[in-house]
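*Asks:* So the chains spell out like this:
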Amino acid sequence: MVSNYLEGRDVTLHAENGVLGYGRMVSEESEIDPDIYNAAGQFVALNPGASFFDSVASFEMARGGRIDTVILGAYEVDQHGSVANWSTADAKRGGIGGAMDLLSGKGDLIIVMEHVDSKGRPKLRRTCTYPLTGKACVVTDLALLRRDTNRFVLDAVAPGFTPQEVIALTEMDFAVGPTVRTME
Amino acid sequence: MNKIFASPEQAVADIADGATVAIAGFGVAHRFATSLICALRDQHTKDLTLVCNSLGDAGATRGQILAENNQVKKLIAAFSVRPGTPTASEEQIAAGKMEVELVPQGILVERCRAGGAGIPAFYSPTGADTDLAVGREIRDFDGKPHVLEHAIHVDYALLRGYRADRLGNVQFRGGSQNFNPSFAKAARVAIVEVDEIVEPGEIAPELIDLPGIFVSRVVKTTHVVDGKAWRRPQRRP
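Taken in sequence, the protein lines are chains F and H.
Going by the numbering used here, the first residue of the first sequence is number 1, and it counts up by one from there.
Going by the numbering used here, the first residue of the second sequence is number 185, and it counts up by one from there.
Quick caveat, the hints were computed from the structure, so don't treat them as lab data.
Don't take each hint at face value.
[What the hints assert, rightly or not] Just so you have them, the derived chain F footprint on chain H, three or more residues with Cβ under 8 Å:
#1 254 to 260
#2 293 to 303
#3 332 to 343
#4 380 to 391
[Stated by the list, open to error] A few chain F residues facing chain H, derived, Cβ under 8 Å:
#5 Gly64
#6 Gly134
#7 Ile167
Predicted model only: the values in this text are computed from it and were never measured.
For every residue, glycine included, the Cβ atom is placed at its ideal position computed from N, Cα and C.
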């Protein structure tokens with residue numbers, strides 16, 4: 001999704017399946033190449049200078065600290081900055097994918113998620129209830145929460161929401177920034 | 185030297201009950217060793233241990249059809265459950281009929297690479313502070329915990345390439361290398377199915393992604409990549 005909003009910006013996207021430098025998603029038959037897709041399996045266009053490699057090289061880039069920013073979804077994030085995104089059951093049943101490897105690199109982590117789950121329960125918790133993926137991260141969504149040294153700070157809220165409403169939908173403790181923007 | 189097999193059935197015929205088989209391929213309905221997987225299903229080999237990223241959706245011509253045919257004893261994978269309709273493998277896991285070892289994707293390939301490289305084990309930071317590290321050997325390097333990861337060796341690897349020659353030299357296409365090279369190296373017998381078998385020399389040496397020394401068998405695919413499957417809706421989080 002993010003790849004559709006980066007046009008004209010000097011950002012290089014990495015897909016764990018082995019592509020560096022891909023662009024927007026494509027859906028027209030004439031544009032689709034069956035061997036060019038992103039980590040979600042969606043067909044994408046390539047930017048000039050793109051490259052292909054195998055999974056070993058892909059995760060060398062991740063664990064080796066060459067990726068500046070990692071963007072993931074999550075089931076839960078807690079006020080300690082811990083992320084849970086691979087299982088809602090136990091360590092046998094889940095989907096880790098490449099998330100843990102991506103977290104073990106040096107990049108900033110942006111979590112893009114719904115603020116509450118489908119039953120309206122908070123996903124921003126005091127402490128994660130699901131198995132953890134990793135620690136020390138940044139979060140965004142209905143609200144944009146930036147990770148300060150040891151806490152999250154509310155920087156922005158979605159149009160139509162007040163900081164108080166966001167607090168009410170959030171279980172974790174966080175600080176409210178001096179000026180809370182409205183997200184575009 | 186001629187590594188070409190006449191059919192996918194012949195290429196997998198000696199895979200015996202209890203074998204460990206790595207299946208390369210990434211994505212939902214992308215380039216998999218579909219002919220070889222179907223041949224393995226049709227010969228009903230039992231008690232397989234599968235190494236793969238995931239088994240895929242219900243009915244997908246991937247590892248999942250082996251689970252649907254009750255051929256899988258153990259799964260070593262980065263995904264055992266995916267959102268959406270429950271699959272045969274998920275039901276068998278929940279019922280305790282299929283053993284599971286969940287492995288982060290980058291560790292899965294690194295363990296296979298290590299197996300192929302003659303490195304028995306290595307330490308990695310991935311997942312060191314998670315439930316996956318519970319009960320495992322942990323050692324601090326530079327003040328941070330690292331988990332001891334053991335190499336993976338498999339009996340067979342089922343690969344999908346673009347072109348290959350009778351010497352086993354393989355060329356992949358686009359972003360479809362994924363697990364293929366590391367799984368091949370971890371295997372005693374790597375079997376590759378390709379769109380096209382060419383004469384040695386036809387793939388320029390610098391375009392060979394996987395040298396033939398890692399590949400034992402080459403077979404022409406009987407399943408072309410399905411154009412309609414490309415546009416299936418994606419639902420991985």
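*Asks:* If a hint holds in the structure, say so; if it does not, say that too.
*Replies:* Hint-by-hint comparison with the structure:
For the region 254 to 260 of chain H, the assignment as covered by chain F is violated, since 0 residues bring a beta-carbon within under 8 Å of that chain's beta-carbons and 3 are needed. With a threshold of 8 Å between beta carbons, the proposed coverage of the region 293 to 303 of chain H by chain F holds, since 3 of its residues qualify and at least three are required. Here's how the region 332 to 343 of chain H fares: 0 of its residues keep a CB closer than 8 Å to some CB of chain F, so the rule of at least three is not met and the hint is violated. For the region 380 to 391 of chain H, the stated coverage by chain F is violated: 0 residues have a C-beta nearer than 8 Å to a C-beta of that chain, whereas at least 3 were required.
The beta carbon of glycine 64 (chain F) is not positioned within 8 Å of any beta carbon in chain H (closest approach about 10 Å), and the interface hint is therefore violated. Contact between glycine 134 (chain F) and chain H, as hinted, is supported at the beta carbon level, the nearest pair being about 7 Å apart and thus within 8 Å. The closest approach between the C-beta of isoleucine 167 (chain F) and any C-beta of chain H is roughly 26 Å, which is over the 8 Å cut-off, so the hint fails.
Of the numbered hints stated above, those contradicted by the structure are hints 1, 3, 4, 5 and 7, listed in ascending order.
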